[in-house]
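As a plain string of letters, each chain reads:
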Amino acid sequence: MIRLEKRPTPSRAWTYATPVLAVALTMLAGGLMFAALGKNPFLAIKTIFYDPILGEFAFYYRGQLLVKAGPLILIAVGLAMGFKAGIWNIGAEGQYIMGAIFGAAVGLAFYPAEHWYIFPLMVIAGAIGGLLWAMIPALLKVKFNTNEILVSLLLVYVAEQLLAAMALGALRNPDATGFPGSRNLQQYPAASNPEIWAGTGIHMGVVAALIAVIFAYILLSRHLMGFHIQLAGQSPKAARFGGVNPTALVVFCMGLSGALAGLAGMFEVTGPAGQIAISFNSGYGFTAIIVAFLGRLHPIGILLAGLLMALTYIGGEAAQATLQIPAAAIQAFQGMLLFFLLGVDVLSNYRIRLVKEGVA
Amino acid sequence: MNFKTLLAGTALALGLAGAAAAEGPVKAGFIYVGPRNDGGWSQHHHEAAVEMIEHFGGAVELVEQESVPEGPDAERAMTQMALGGADVIFTTSFGFMDPTINVAAKFPDVKFEHATGYKTADNVGVYSARFYEGRAVQGYLAGKMTKTNKIGYIGSFPIPEVIRGINASFLHAKKVNPDVEMSVIWINTWFDPAKEADAAQAMIDQGIDVVLQHTDSTAPQIAAQKAGNVYTFGQAADMAEFAPMPRISSIIDVWAPYYIERVQAVLDGTWESDNTWDGIGAGMVGIGEISDAVPADIKAEAEALRDSIASGEFHPFTGPINKQDGSVWLAEGEVADDGTLAGMNFYVEGLTGEIPQ
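The listed protein sequences derive, respectively, from chains U and V.
The numbering of the first sequence is my numbering, which starts it at 1 and goes up by one.
The numbering of the second sequence is my numbering, which starts it at 1 and goes up by one.
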């Protein structure tokens, strides 16, 4: 008989080992799934995990990894702060959309002027857009004790409607007769966020993600607010005695995650996406939740998890294109990653004991 | 990371991609917005692609990518194919337009064919079908078959292609049934079975008994089948599995001959950027079998309408037609020009509601 015994404190070794184990198990189970689909599992795993980094066209894919990982990391770092403190912002996708709308709107308001300060203003507007959208669930929580999970999630769908309204109305490109979508910011230099070095995929959003990782690391390890966040998550009661103001904590964590998600949206709309369009958002805000947990809510972990998640996207697309593996199988593969991570998590919190029947 | 190596690598691979085109089988890439088994639009492109491959035997190789979101992800999917040695890439959704133009600029030796867009380049051609011709036939059938005089239209994105379809079907429904009213629900997606089903159900709950769709899945058909006394039309694919009820006819997109012709041109080295917009007459739009649920005389009339459009004798947009605000669009006997149709952003008289803007 197998028995689970709770560890007094989570095992440090397993905390580091479980993500690696989860990836290994995902490869195994995913390989079986690809084999069942009649594909060569080794080739499929190689295409997903190896080719984008070291394969023939890696020079292109490496850049794309950063393009994909940038917004995931930027959003996940913010979310992790709240998650650590037990504040659940599930609506980053909506804050990402609002950041893009605010940022793009400020830029388009200046069109076609060329001033150095336009882009910085857009960055600020993007952060404010995300922050304000996150303040709705935050203030409702502190004033009326509503559930921030539900409110923030449902506001995603409101944001999507606003996005469509903007693409069709206020921000629509006046020169594109009859077609929805804003002007393409890639063609408006003062408001665009191109690659800093051509071909590398590194744009301002990727740089911002790295900066966010560093700041989050310092905040958590060196700053009093970081201590409050950890304390509130581990022991709310102790936090209260320790002088943590729960209202301030909710506002801070929701505001920070909203602002970072807004920034991610702003950098995306001015960079890789280029325009406010009805189908602008593609799920970064939701995937970032997985990234945050995959990275153990730790800034460095999130950095690695974001890159890994991006790898499964890029590699998954490559496997689709070269091996004709269906898109749904790739999604199932990504799902397995989270499934196994949560599954093997039990090892860091519990000890497995083999016990003989009837003894114990 | 060493940026210089990266850049050198880019230049090298671009050269390689160009060189690869000369040898081995021609590689034809297809990018779909939905899954290749969506039952409608994407599946039909996929089936046409397979038909094209079979036509050429071993001379052409097929690469496909499905469920590609419209946006930066599409750009990567296309780049991936171009790097992988594709000689011609068909991008089969309106929202792939800007990504296609961007990627085409980076791969001057690769040919691109974008469906339903309007931006071309030296190595980007566009192709679409005159779906509005089929919509006229559907509108006729809808006007005749409705008992509640309420018909519904599930709109995807408010772009000219979709607005043309709404106008064409409404005009022809109204012509044979002056009491008819049309409701449009915009769902802002091409493929989302849940949203499509919700829209259809909302219409059915309002007493609408003919549902037209400009979306890609069969979800509206399923909703109508459950309701029992609602008529629908196959969209992009015949959707014959829902005949004779609720599906009473369909618009079938016939892409295979075009794909064969264009890939042949790539094989021959004669490919040039084009702007193809064909209808029933040229065989790009097919009208699916009108089912037994439709009385014989109505069926015969609908087929006569189809044939007169096919022969070019009748244009679905022939005046007098007023715009929604009552101003004159086409005078008596006047026929719409392609330019106006391509950028159509207004409703015709009698339609209620507004185009979202």
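It is worth saying that the hints were derived from the structure and are not from the lab.
A virtual CB, placed ideally from N, CA and C, is assigned to each residue, including glycine.
Please note that the accuracy of each hint is not assured.
[Claimed, not checked] Chain V is faced by these chain U residues, among others (derived, beta-carbon under 7 Å):
| # | residue |
| --- | --- |
| 1 | A164 |
| 2 | G169 |
| 3 | A170 |
| 4 | I278 |
Numbers of unmet hints, in rising order: 3
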